[in-house]
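Protein chains in written order, with my numbering: chain D, 1 to 151; chain S, 152 to 302; chain R, 303 to 453; chain P, 454 to 604.
I should point out that these hints are in silico values taken from the structure, not numbers from a laboratory.
Glycine included, C-beta positions come from ideal geometry on N, C-alpha and C.
Among the hints, a few may not be true.
Stated by the list, open to error - FRET-style restraints, in silico, Cβ to Cβ:
id	chain 1	residue 1	chain 2	residue 2	range
1	P	Ala552	R	Asp305	52 to 60 Å
2	S	Leu297	P	Arg533	52 to 60 Å
3	R	Asp359	D	Ile132	42 to 50 Å
4	P	Arg583	R	Arg432	34 to 42 Å
5	P	Pro588	S	Glu299	55 to 63 Å
6	P	Arg563	S	Asp208	24 to 32 Å
Letter by letter, the chains look like this.
Protein chains: 4
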Amino acid sequence: MTDFRAPYRGGFTGNEHHFALTVYFEDTDLSAIVYHANYLRFFERARSDMLRAVGIDQRAAHEAGEGTYAVTEMDIKWKRPAKLDDDLLVVSKVTKIRAASCSIHQRVMRGSEVLADARVTAALLSPEGRPIRQPADWIDKFKAILAEGEE
Amino acid sequence: MTDFRAPYRGGFTGNEHHFALTVYFEDTDLSAIVYHANYLRFFERARSDMLRAVGIDQRAAHEAGEGTYAVTEMDIKWKRPAKLDDDLLVVSKVTKIRAASCSIHQRVMRGSEVLADARVTAALLSPEGRPIRQPADWIDKFKAILAEGEE
Amino acid sequence: MTDFRAPYRGGFTGNEHHFALTVYFEDTDLSAIVYHANYLRFFERARSDMLRAVGIDQRAAHEAGEGTYAVTEMDIKWKRPAKLDDDLLVVSKVTKIRAASCSIHQRVMRGSEVLADARVTAALLSPEGRPIRQPADWIDKFKAILAEGEE
Amino acid sequence: MTDFRAPYRGGFTGNEHHFALTVYFEDTDLSAIVYHANYLRFFERARSDMLRAVGIDQRAAHEAGEGTYAVTEMDIKWKRPAKLDDDLLVVSKVTKIRAASCSIHQRVMRGSEVLADARVTAALLSPEGRPIRQPADWIDKFKAILAEGEE
């Protein structure tokens with residue numbers, strides 16, 4: 001039996017991070033489908049959950065002034081619409097690690113259908129907004145889940 | 152072990168509906184706390200989950216032109232701020248049932264702290280936006296969870 | 303001729319602050335009307351514009367650590383729905399000034415129709431989230447626009 | 454003198470559509486900058502205003518079941534952050550017209566700085582979500598503002 005007092009957490013299957021969510025009214029627009037910009041919110045929830053899963057505490061880093069990730073680039077295709085009450089799965093793979101940034105391939109799935117497909121670059125920024133090196137132990141955490149060679 | 156491919160669902164403890172969620176970047180504003188309007192999104196997710204839990208299919212009703220719930224009144228107090236990564240619990244109780252509307256008491260909790268407290272009225276509206284009677288079996292479902300006498 | 307390179311600013315007619323806006327896709331939900339929580343965004347834009355109009359610089363105050371306004375209470379009624387492309391007017395009146403907070407009556411109008419009506423309390427909070435006294439010159443600015451005796 | 458009861462409208466300077474806006478609390482996140490997904494809302498407001506400016510009535514088309522535009526692809530770079538109270542200008546150019554879709558180059562500017570740069574494809578979809586041909590007179594309207602040969 002699930003304890004519904006515990007908030008949802010995603011997790012890894014191999015190098016793929018999985019994050020499930022359900023579409024609510026707030027996500028839809030008058031076309032009766034999910035508003036396109038809201039997929040970026042879904043992707044961000046999944047990335048934050050992935051950081052949590054590998055042991056990176058974004059809030060602590062932010063509060064300590066050690067930097068915050070910002071999305072610097074995204075190439076996204078919306079392929080099929082999602083609707084109210086749809087159960088979706090965000091599948092994320094870290095495909096490249098650089099000193100100050102990461103590349104992540106993210107897809108929103110409904111069963112076996114790909115609804116949205118995005119190539120995302122996220123950079124670590126100082127409180128002043130400058131790119132800074134990711135801590136060595138964060139890099140190690142990412143290397144452990146790196147989906148190398150995968151497109 | 153939880154299956155993280157299954158999306159989160161809340162549920163009832165007695166007449167109280169519980170819905171857990173976590174605060175993400177999208178929910179915060181530059182005060183580093185959850186933007187006040189976003190509590191209304193949390194409340195709505197919880198109400199939609201509550202309808203699902205009692206067996207009311209909002210999407211089917213909407214697509215069949217049988218009506219959609221709209222919030223017509225809300226008296227809300229924000230008492231304490233929520234922050235990034237906070238685990239919250241939305242506690243909802245149906246306190247009154249009328250022919251065309253319901254009253255719901257909703258609170259956003261963090262542990263034992265009440266962060267926001269709201270008295271909500273939701274009315275069933277026709278596709279043309281007029282208040283309409285709730286189906287008899289929906290009324291019955293609400294009566295089964297009615298937290299009568301509770302303020 | 304209007305210069306469309308200049309962003310919109312609202313303004314006062316007597317003690318009433320007026321802020322016009324247009325409904326976009328982002329504001330709607332699958333009921334093809336404005337999602338209820340988004341009225342709170344409209345109200346906030348109007349309040350921020352009102353502060354600017356009376357000469358209070360929220361960003362400077364925030365960056366200097368002198369405090370930020372937070373909504374602590376709202377009693378709101380949604381009366382009629384707004385739709386895509388509707389031109390709306392947010393009418394705001396400061397009805398009470400206290401040491402650490404203000405009461406504001408805000409309505410969203412479409413022509414002569416009231417779509418939403420809200421009684422709002424906003425408090426000035428320190429960076430740590432504690433209520434603090436509003437600067438004397440801010441109080442003076444509010445007194446100059448106080449819609450006293452009005453409901 | 455500007456009439457602040459009239460909502461803001463953007464307009465064209467040659468083939469460039471200009472749409473000004475100001476950053477509000479709702480747009481920011483705890484990094485004290487505009488949340489990345491909210492740039493997509495800014496871009497959409499500008500595109501909707503551009504359609505209005507050339508004489509295409511999105512709401513009438515939607516209500517008549519004649520189709521609604523959906524973003525199908527976006528390649529976006531976030532270059533510099535925007536902050537609370539910043540005055541921004543969204544500059545949009547239609548760069549290509551196809552039977553069922555358009556390409557648009559959109560930038561968010563703050564003075565002469567480019568904060569975000571996006572290549573957007575928008576397709577006209579039927580109420581069932583299938584790509585449909587744009588009406589001939591809409592194509593003509595787009596041709597009149599086509600920024601051909603421009604990158």
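Against the structure, the hints:
no., hint, in the structure
1, Ala552/P <-> Asp305/R: 52 to 60 Å, "36 Å, violated"
2, Leu297/S <-> Arg533/P: 52 to 60 Å, "54 Å, holds"
3, Asp359/R <-> Ile132/D: 42 to 50 Å, "30 Å, violated"
4, Arg583/P <-> Arg432/R: 34 to 42 Å, "56 Å, violated"
5, Pro588/P <-> Glu299/S: 55 to 63 Å, "57 Å, holds"
6, Arg563/P <-> Asp208/S: 24 to 32 Å, "46 Å, violated"
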